[in-house]
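Asks: Spelled out, the chains give:
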Amino acid sequence: MADIHADIDALKEFRDALTEFRYAQREVVERGDHEIEVTRASLEAKAGQWRSLLARREADLVACERAAAAEAAAGRAADCSAEATAVQEAQERLDYIRRWQQRVEEEAGTFRGTADRFRNLLDLDLPRTENHLLAIISGLQAARGIPVTGS
Amino acid sequence: MPARPDEDGDQLLRVIDSVWQKTRQHWLDDMAGHFERTYWTPLLAESRTYLRALGECLEVMGTAERDTEF
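Same order as they appear, the protein sequences are chains A and B. Mapping the first sequence onto the working numbering, position 24 (from 1) lands on 24, and the numbers just tick up by one. Mapping the second sequence onto the working numbering, position 35 (from 1) lands on 186, and the numbers just tick up by one.
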């Protein structure tokens, strides 16, 4: 014989599952936000490393050019092309990282609106939905004369 | 390697959807239809929209990381 209160039992199970879903999805949101922050921090660290390297390589180039000028005055040839190439490489990589930083900010900005809506859904709408289900369960129990045993 | 958060979120959505499908088999009155339209369907849609956006966003983050490893 089918359980005549199967709907109530199913609704209770669904309501409990919805509460678990809310907490677990909240963790998903936190982890998503964290991964974005990790990427931002990582790109900033890489940009910082290449900024430092660029400054060192620029100083090396200046020193080389000074030495080359002295060599030239003494009638000898000197070559700073390796230092110039190193400066150019550091500048290009720094520019490349900056372009990625910009792209990441744009992407995170676009995502923020959707994430905020979902956060509101989890924090505000879902508890209301759970309460609504609880009211339905209580109503069904009352209509059938089943004692209410808490949420 | 742990799953990406959007993949975990998808899995959670599949689980709650299966619980809902089971609930729907037993909950047959008018309130069930109203609940489905007013609460459940928007929740499902909003969750899917968020998880899709998160997945796309994390793809970009991953590419940014890999592309800047010189």
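It is worth saying that the hints were derived from the structure and are not from the lab. These numbers were taken from a predicted model, which means no experiment stands behind them. Please note: incorrect hints may appear among the correct ones.
Claimed, not checked - Simulated pairs of lysine to aspartate or glutamate, EDC-like, Cα-Cα distance not exceeding 20 angstroms:
(1) B:K173 / A:D3
(2) A:K12 / B:E187
(3) B:K173 / A:D9
(4) B:K173 / A:D16
(5) B:K173 / A:E130
(6) B:K173 / A:D60
(7) A:K12 / B:D181
(8) A:K12 / B:E207
Unchecked claim - Here are some of the chain B residues that sit facing chain A, going by a computed Cβ distance under 10 angstroms:
(9) H177
(10) G184
(11) R188
Stated by the list, open to error - To be clear about the criterion: a stretch of chain B counts as covered by chain A if any three or more of its residues have a C-beta under 8 angstroms from a C-beta of chain A, and this derived list gives those stretches:
(12) 165 to 173
(13) 192 to 200
(14) 214 to 221
Idealized CB from N, CA, C, for every residue including glycine.
Asks: Any hints from earlier that this structure breaks? Give me their numbers in increasing order, please.
Replies: Numbers 6, 8, 10 and 11 - these are the hints that the structure violates, sorted from lowest upward.
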